[in-house]
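Chains as they are written, first to last, in my numbering: chain A, 1 to 204; chain B, 205 to 408; chain C, 409 to 612; chain D, 613 to 816.
Any given hint could turn out to be false.
[Claimed, not checked] Taking lysine-lysine and the DSS-like style, the derived pairs with C-alpha atoms no more than 30 angstroms apart in a straight line are:
#1 B:K312 with D:K640
#2 B:K312 with D:K723
#3 C:K519 with A:K108
#4 C:K516 with A:K108
#5 B:K232 with A:K28
#6 C:K436 with D:K640
#7 C:K444 with C:K519
#8 B:K315 with D:K640
#9 B:K328 with B:K240
#10 A:K111 with C:K532
[As the list claims (entries may be wrong)] Label-pair restraints from in silico Cβ distances:
#11 D:K640 with C:N415: 16 to 26 angstroms
#12 B:R361 with D:R742: 17 to 27 angstroms
#13 A:A84 with D:D745: 28 to 38 angstroms
[Stated by the list, open to error] So these bits of chain A aren't anywhere near chain D, every CB distance computed over 12 angstroms:
#14 D11
#15 R17
#16 D31
#17 K36
#18 R66
#19 M68
#20 E79
#21 Q88
#22 E99
#23 R130
#24 P139
Quick caveat, the hints were computed from the structure, so don't treat them as lab data.
It should be emphasised that the depicted structure is a prediction, and the values quoted were computed from it without experimental measurement.
Think of the CB as a built atom: it goes at the ideal place given N, C-alpha and C, for glycine as much as any other residue.
Number of protein chains: 4
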Amino acid sequence: MKKTQVNDCEDVLLSMRMIAETLNEVIKVLDREAIKAMIQKILEGERVFLMGAGRSGLVAKAFAMRLMHLGFSVYVVGETTTPAVQPQDVVIAISGSGETRSIADLGKIVKDIGSTLITVTSKKESTLGRISDITMILPSKTKNDLDAGGYLERNMRGDYRNVPPLGTSFEITSLIFLDSIIAQLITLTGASEAELKSRHTNIE
Amino acid sequence: MKKTQVNDCEDVLLSMRMIAETLNEVIKVLDREAIKAMIQKILEGERVFLMGAGRSGLVAKAFAMRLMHLGFSVYVVGETTTPAVQPQDVVIAISGSGETRSIADLGKIVKDIGSTLITVTSKKESTLGRISDITMILPSKTKNDLDAGGYLERNMRGDYRNVPPLGTSFEITSLIFLDSIIAQLITLTGASEAELKSRHTNIE
Amino acid sequence: MKKTQVNDCEDVLLSMRMIAETLNEVIKVLDREAIKAMIQKILEGERVFLMGAGRSGLVAKAFAMRLMHLGFSVYVVGETTTPAVQPQDVVIAISGSGETRSIADLGKIVKDIGSTLITVTSKKESTLGRISDITMILPSKTKNDLDAGGYLERNMRGDYRNVPPLGTSFEITSLIFLDSIIAQLITLTGASEAELKSRHTNIE
Amino acid sequence: MKKTQVNDCEDVLLSMRMIAETLNEVIKVLDREAIKAMIQKILEGERVFLMGAGRSGLVAKAFAMRLMHLGFSVYVVGETTTPAVQPQDVVIAISGSGETRSIADLGKIVKDIGSTLITVTSKKESTLGRISDITMILPSKTKNDLDAGGYLERNMRGDYRNVPPLGTSFEITSLIFLDSIIAQLITLTGASEAELKSRHTNIE
Numbered sequence: 001m002k003k004t005q006v007n008d009c010e011d012v013l014l015s016m017r018m019i020a021e022t023l024n025e026v027i028k029v030l031d032r033e034a035i036k037a038m039i040q041k042i043l044e045g046e047r048v049f050l051m052g053a054g055r056s057g058l059v060a061k062a063f064a065m066r067l068m069h070l071g072f073s074v075y076v077v078g079e080t081t082t083p084a085v086q087p088q089d090v091v092i093a094i095s096g097s098g099e100t101r102s103i104a105d106l107g108k109i110v111k112d113i114g115s116t117l118i119t120v121t122s123k124k125e126s127t128l129g130r131i132s133d134i135t136m137i138l139p140s141k142t143k144n145d146l147d148a149g150g151y152l153e154r155n156m157r158g159d160y161r162n163v164p165p166l167g168t169s170f171e172i173t174s175l176i177f178l179d180s181i182i183a184q185l186i187t188l189t190g191a192s193e194a195e196l197k198s199r200h201t202n203i204e
Numbered sequence: 205m206k207k208t209q210v211n212d213c214e215d216v217l218l219s220m221r222m223i224a225e226t227l228n229e230v231i232k233v234l235d236r237e238a239i240k241a242m243i244q245k246i247l248e249g250e251r252v253f254l255m256g257a258g259r260s261g262l263v264a265k266a267f268a269m270r271l272m273h274l275g276f277s278v279y280v281v282g283e284t285t286t287p288a289v290q291p292q293d294v295v296i297a298i299s300g301s302g303e304t305r306s307i308a309d310l311g312k313i314v315k316d317i318g319s320t321l322i323t324v325t326s327k328k329e330s331t332l333g334r335i336s337d338i339t340m341i342l343p344s345k346t347k348n349d350l351d352a353g354g355y356l357e358r359n360m361r362g363d364y365r366n367v368p369p370l371g372t373s374f375e376i377t378s379l380i381f382l383d384s385i386i387a388q389l390i391t392l393t394g395a396s397e398a399e400l401k402s403r404h405t406n407i408e
Numbered sequence: 409m410k411k412t413q414v415n416d417c418e419d420v421l422l423s424m425r426m427i428a429e430t431l432n433e434v435i436k437v438l439d440r441e442a443i444k445a446m447i448q449k450i451l452e453g454e455r456v457f458l459m460g461a462g463r464s465g466l467v468a469k470a471f472a473m474r475l476m477h478l479g480f481s482v483y484v485v486g487e488t489t490t491p492a493v494q495p496q497d498v499v500i501a502i503s504g505s506g507e508t509r510s511i512a513d514l515g516k517i518v519k520d521i522g523s524t525l526i527t528v529t530s531k532k533e534s535t536l537g538r539i540s541d542i543t544m545i546l547p548s549k550t551k552n553d554l555d556a557g558g559y560l561e562r563n564m565r566g567d568y569r570n571v572p573p574l575g576t577s578f579e580i581t582s583l584i585f586l587d588s589i590i591a592q593l594i595t596l597t598g599a600s601e602a603e604l605k606s607r608h609t610n611i612e
Numbered sequence: 613m614k615k616t617q618v619n620d621c622e623d624v625l626l627s628m629r630m631i632a633e634t635l636n637e638v639i640k641v642l643d644r645e646a647i648k649a650m651i652q653k654i655l656e657g658e659r660v661f662l663m664g665a666g667r668s669g670l671v672a673k674a675f676a677m678r679l680m681h682l683g684f685s686v687y688v689v690g691e692t693t694t695p696a697v698q699p700q701d702v703v704i705a706i707s708g709s710g711e712t713r714s715i716a717d718l719g720k721i722v723k724d725i726g727s728t729l730i731t732v733t734s735k736k737e738s739t740l741g742r743i744s745d746i747t748m749i750l751p752s753k754t755k756n757d758l759d760a761g762g763y764l765e766r767n768m769r770g771d772y773r774n775v776p777p778l779g780t781s782f783e784i785t786s787l788i789f790l791d792s793i794i795a796q797l798i799t800l801t802g803a804s805e806a807e808l809k810s811r812h813t814n815i816e
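Only chain A is shown next, with the shape it has when bound in the complex:
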């Protein structure tokens, strides 16, 4: 692309330090009741559906993979064989702005169907924040106003204004948060796994 001579990598280290710092700040302000309610809903749901656009969609998939590993019936909205959502299902939306059009539109349908809607977002006062049963706030320094509108639309228009600043990126925080939800789910479901195993050995 460009023949610049790369003389240092200070921005790489600075950016990583900022992300670690931001993470520590986020941990302090997380709403513990919301976390508990979110985990409760995930455990109670018949099946779990994940949805998100762009990089938030990748975070949704990364979380879905882990849930599948733990034995959940889990689907990513938009994949080939994802079935219809039912009232007893839980749908988790990942959207930094809470305004990503395609995801907000699907969120409304989820509420029409009567399923539980959980949104992981940085904005409580947003379309998705207002209609969700649980809104899990991951505060972000980034002004996500730019993230509104349809994802594919903005992509098509070449509107990438949400790129920087990277040190406070919602996607990183949400990936770490959701992987930490998995840690809790391992603790919660792990016990019964041990039980199942011990019962299994007893029967043989």
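Use these hints to put chains B, C and D onto chain A, whose structure you have.
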């Protein structure tokens, strides 16, 4: 799934703190020469190709999106219209163990073609580490020996042994590292963008 | 799923015969001027973008792969590194009903940007049919009225009314039609490929 | 791409006629016992898994979508939340040559696990043909010897020799064949659906 009563969320917070801590440790031991060499190769490559399996594949896609936003000609191996790799291209493999079979096999072909191969991994002494032009080590506490073999194969066999411990997950570290590479690239390429703009206003 | 005894496979053979018959009928009524105009636009476009939802999206990808093989700069809308659409690009929408919401919404944006929009559909009088520069009609016996609305939405609601009858399916006809466009493009671009080769040998 | 003047579209019509003709020939030589056995296995399997590379992978997805619509538990190998294959599952491989490396490798694992393996191919004497429980032959005029080897590998090397001739393409025939399998499955499962409905209304 299960009707457990969720009474606390200490594991969530503990896991997030561990990830932040791990991140700070990783920053201290990063090989600055390797980072600079990696950025140099990305800038010099005709086009950039990303590849990875499973969650590492999602990290590869998240990085590819950002590179596209910055104006790079970038492709993800396995997507519909990804063209053939040419000698003047740069291929970046993301693999925690450096042994993921499908990615290691493709890495060998990349070297046959004569393209530059960069591997982001936690293991220098690995198949991908040994054949790469640049091996970017992101140290991880996780024993990634379990990550060896074909990804789809292990998935098919139900072999998810690499799930925990999550606090030290390679995928999180690599996502943060690569987003920080983007921060440096913005600095490096941003200057010329400003130049272009100033010239543009002069012409009008 | 079910323990039925399968005693015959007459429906399989009947369905295949119906598809072959439908195909022969479609060939008779194709608008040759539209086909020529479509090929002309594909050849003249700076880059080609394909879009479609559900099974039409798979047809779009199958066509995109072939165009890539022929040397076109081609992208599938929604994939990781698909860049912004520019006025000099050609966007091809695949939509049986011409009403698939997400695709029709993107079609409007394509026209806003000023790019060329080609729609392959079974309905001239449809949202996409009305706004497209070229509307390529592939007549279908299927009442595609059911195909209207957002694809992911209908999927989420479990609305699969467009499943049968399969003998007249738009997706099959469009895949065959687009693969036949490739046959024509091979003829049209093949000559210059031979030229390039002969020139290449002259230089060496 | 190129500023050629498009004066005719005879190749498009010729190619479509050839495909319709080929289709009629294929119907005549299909092995009815294999079709019945394939449908029987699909009905008896606990879950159905589809796999294929490149355009055959798109055909696999198109079939998987329809099976999902009919109420089957169906997964595409390689998608985000596809679970581990179990002995009581049925795995369907789509591979023109029967030699596509990644698919053949996975086929061997499927047999190790003890699941039922069905291959839809044009070559009985092939790696996948030899190890499958059912090999469904869709004869093709195309010499598919070129289709051997790893799909991503050949893509990476720019080896697209299997492009023409399109009139006899395995992918088109397999899509039509599999959609016709769906027609039979509708007949076979539809009856019980009606029964279920009538019972349902009786209960209310």
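Legend entry - Enumerated hints in conflict with the structure, sorted upward: The structure breaks hints 1, 8, 10, 18, 19, 20; every other hint is satisfied.
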